[in-house]
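**Student:** Each chain, written out:
2 protein chains.
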Amino acid sequence: MKARIIVTLKTGVLDPQGKAIESALKSFGIDSVEGVRQGKVFDLEVNASDRASAEAALKTACEKLLANTVVENYAIEIA
Amino acid sequence: MKARIIVTLKTGVLDPQGKAIESALKSFGIDSVEGVRQGKVFDLEVNASDRASAEAALKTACEKLLANTVVENYAIEIA
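One line per chain: the protein sequences are A and B, in this order.
Under UniProt numbering, the first residue of the first sequence carries the number 1, and numbering increases by one thereafter.
Under UniProt numbering, the first residue of the second sequence carries the number 1, and numbering increases by one thereafter.
It is worth saying that the hints were derived from the structure and are not from the lab.
Keep in mind the model is a prediction, meaning the values are calculated, not measured.
A hint or two may mislead.
The list that follows gives simulated cross-link-like pairs (lysine-lysine, BS3-like), each with its CA atoms no further than 27 Å apart [said to hold, decoys possible]:
(1) B:40 to B:2
(2) A:2 to B:19
(3) A:10 to B:59
(4) A:40 to B:10
(5) A:40 to B:26
(6) A:2 to B:10
(7) B:10 to A:59
(8) B:40 to A:64
(9) B:10 to B:26
(10) A:2 to B:64
(11) B:40 to B:64
(12) B:59 to A:40
(13) B:64 to A:19
(14) B:40 to A:19
(15) B:2 to B:59
(16) B:19 to A:59
(17) B:40 to A:10
(18) A:59 to B:26
(19) A:26 to B:59
(20) B:40 to A:2
(21) B:26 to A:2
(22) B:2 to A:26
(23) A:40 to B:40
(24) A:10 to B:2
(25) B:26 to A:26
(26) B:19 to A:40
(27) B:64 to A:40
(28) B:2 to A:19
(29) B:64 to A:64
(30) A:26 to B:40
(31) A:59 to B:40
(32) B:59 to A:19
(33) B:64 to B:2
(34) B:26 to A:64
Distance windows between CB atoms, simulated [as the list claims (entries may be wrong)]:
(35) A:13 to B:27: 24 to 32 Å
(36) A:47 to B:55: 15 to 23 Å
(37) A:29 to B:28: 44 to 52 Å
(38) A:56 to B:56: 17 to 25 Å
By construction, the Cβ of each residue, glycine as well, lies at the ideal position given by its N, Cα and C atoms.
Please put together the full structure from these sequences, using the hints given.
**Tutor:** Following this line, the structure appears as structure tokens:
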């Protein structure tokens with residue numbers, strides 16, 4: 001089944017990359033945008049018999065590799 | 001209003017980063033995952049009077065800066 005994992009910085013963690021994007025957008029004349037924070041998205045395919053085991057595998061993947069749980073949150077969406 | 005932009009590689013565009021993540025996951029014993037493709041997510045706040053103008057500003061942001069439309073697709077979600 002198809003799944004999407006979204007990894008975002010936790011609230012309060014500084015995001016200089018987001019700040020840089022915000023400045024760049026303003027320099028392009030897009031002033032209405034603020035509070036930009038960048039994260040990562042992973043689209044993947046899981047071979048699992050049921051939703052629960054797919055979710056368990058993806059949770060392990062997030063905890064071990066995809067997210068740094070000290071500073072990042074992750075969300076798993078299974079289609 | 002809050003918005004989320006998701007930028008992903010178009011189908012057919014090679015994703016060596018995704019391949020590397022897939023190999024790393026397999027080396028951690030997570031074998032059920034395949035076809036990993038990495039993208040970017042931007043969470044931001046738009047100051048706009050209505051949904052349509054917010055969407056227009058974000059579309060400009062994507063076309064000008066956030067996505068390389070030659071090889072990437074973008075999706076705008078306004079909360």
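**Student:** Of the numbered hints stated previously, which ones are contradicted by the structure, given in increasing order?
**Tutor:** Structure breaks hints 10, 25, 29, 36, 38.
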